[in-house]
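We have chain A; now place chain B onto it with these hints.
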Amino acid sequence: MKKTVFLGALTVAGMAAGASAAATLDDVKARGKLNCGVTTGLVGFAAPDANGKWEGFDVDFCRAVAAAVLGDANAVEFVPTTGKTRFTALASGEVDMLARNTTWTLSRDVDLKFDFVGVNYYDGQGFLVSKEMGVSSAKDLDGATVCIQTGTTTELNLADFFRANNISYEPVPIETNAEGQQQYLAGACDTYTTDASGLAATRATFENPQDHVVLPEIISKEPLGPLVRHGDNEWADIVRWTLNALISAEELGITSTNIGELSAAPGDNPEINRLLGTEGNLGEMLGLDADWAKRAIMAGGNYGEVFAKNIGESTPIALARGLNAQWKDGGLIYSPPFR
Amino acid sequence: MTTITDPHQGQFRLSMLLYDSRYRSLTIQIVALIGFLMLIGWLLSNTAQNLAELGKEPSFSFMMEPAGYDINQRLLDYNSQDTHLRASFMGLLNTLLVAVMGCITATVLGVIIGVLRLSPNWIISRLSAVYVEGFRNVPVLLWIVFTMAVLIETLPQPSAFRKGEASMSLWDSVAVTNRGIYIPEPLFSRSLGDIHLLGNSSLRFDVSLDLLALLAVLIGGILTSVLIKRRADILQEATGVRPRTWHWRLGVVVVPVVLVLAILGFHLGYPELKGFNFRNGIHLRNSLIALWLALSLYTGAFIAEIVRAGILAVSKGQTEAASALGLRPKRTMSLVILPQALRVIIPPLISNYLNLTKNSSLAIAVGYMDITGTLGGITMNQTGRELETVLLLMLVYLTISLTISAVMNWYNESVKLKER
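Chains as they are written, first to last, in the working numbering: chain A, 1365 to 1703; chain B, 3 to 422.
So here's chain A without its partners, still in its complex pose (with noise of 0.2 Å):
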């Protein structure tokens, strides 16, 4: 019993020093894994498919950065995060990094202590609403039920829009997206609201999709976007470059089926030479090898193969990539330049 107990309290000091350990990079090299936190299951972005094999956008994400430090794209342990859980398991050490539909905001960032390497999906908060109870604008929800999944942004942010425009409302607060799913179809709450993609991925599950509308107003800016554990910022680096690779491959039009072409030799293109390590030493500056960026890409395919894999308007969840266009389409995606 004594015995028990002191190694209990061994194994509880061992996590917190494992939490304060900068060297994430060692750490996920050591174990031969990457451990990362995904949500519990939202079809498009993480879920796992029939034969229990991970997939989504943000699962994606993760394999490539499992692709670039360890050179193989499943050595990823997917660890199931709901919106409670997740800063707490990305604090203790229990994920190296999260990928999971998380807002980038102020309070996050620095009182949370946690870092956000960049931005992969702009996303903002909106309402799904079965369309038999002819609501066509969120400002219609006067004495509405609503459910909300809590410890999220867009439970304030609800708060904040049904306060700014004086009316009223209940919250149902809800802890996973299929708890929520259930009782929106149910009828336990008239509308669900959440990230439109996290709607337009719930609803693409429905038994009829096309008896439910998500309605126009968009309330809140979420940009989402993985995050690291503040204080490691060479770990940072590696998980914020990875994500610029993926964006900077679509912009210069490197895929998944030309990449071994392209990076087999140098080409004419320096950016595109010093991406995939034919020129200079980027890789190494990030502690890597030059074929990182090769096989990051090589994972799962540039940003654009990824969304329009996952997410696009191909799949069931039909997002059109809107403001998640490049830059140079008219979206916000941009990577600063690999030099």
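Take the hints with a grain of salt, since some may be wrong.
Unchecked claim - Simulated pairs of lysine-lysine, BS3-like, Cα-Cα distance not exceeding 25 Å:
(1) LYS1448(A) - LYS58(B)
(2) LYS1503(A) - LYS276(B)
(3) LYS360(B) - LYS1448(A)
What the hints assert, rightly or not - Coverage of chain A stretches by chain B, computed from C-beta distances (three or more under 8 Å per stretch; other residues unrestricted):
(4) 1446-1459
(5) 1530-1538
Everything labelled a hint here was simulated from the structure, so no lab data went into it. Ideal Cβ positions, reconstructed from N, Cα and C, are used throughout, including at glycine.
Just chain B now, kept in the frame of chain A:
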């Protein structure tokens, strides 16, 4: 010649701490204590150091910042601009509400089922056994989630009332929907108003003067009724004839209450369908009902067993003696058996009340905003103060439990066998 041998007065040596049985146990205890304190100190300093390295020094100042979120069931006024402290206070009240409701229902249910399980009627005693074993042997979380699922999936949505597929029950006064049950609310047209206590602080609350007036009249009535009973007792002692007093006793309680209600302009506000939901009336949310039902049914099963054990602990001779005196079975139970059984029942009953209160923290499974949902859920998540909120939460539950314990122990003292 007698020699008096003094007890050996050898001087104290350090080795005696280990080899002398008089000191050894003391030595071991002190060493163990020092080791234990060092372990605690090391854990504390480790935590403090790691938090400091993360730049998150413990601080409770976040409790005074605006919460920013809404709470559906609030017993006092609250909006999203109030502080986290106020939000936690709302959560605490919700916890206490479901705990008190649960304890009362569980006790009533437990006593009835416990007595019925001893019934000579085979069907009744078997049915009670099925209830007890069924509820006792399935985790309470499953019962909570199951009850919630049943409420949500089987009851009609508010839109069904609009379409005429469902209608209100009890002369259009109660609406049973899958979002909860709406019942009429008491209203006063000539209300006396409220007293505002604690000004504008986070713990402010209003006390309704109407309620105070009603309570005062009710207590006055009950006291008068007790006086009438005493007088009847005295008369019975003196003359052997008990005067008929029940109509007087009922009258002094009911008539003043009815009078006060009439003066205050008492009427009922009925729920009505407006827009998406029913408005007015009291909304018993599905989360409250699910949690309350599941907790009471679950704990009721345990209490039933405690009651049965208490009754069986009273020797059979007592029942037989009561029958010999001509008491009917009902009166035997209420006058002879139960008062004696209470002495056995109350101590384990306390721990079941404590269990129910602590189990109410499972509320988050159905989205009931108790203190775990507000302080330990949303506040913790929005502020990222895990250590502080969990410590506060533990303190709150500890306080509630110790209070219940103290009250019940005091009650136990008052019913236990007085030995003179």
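Task: Hints not upheld, ascending by number - done: none
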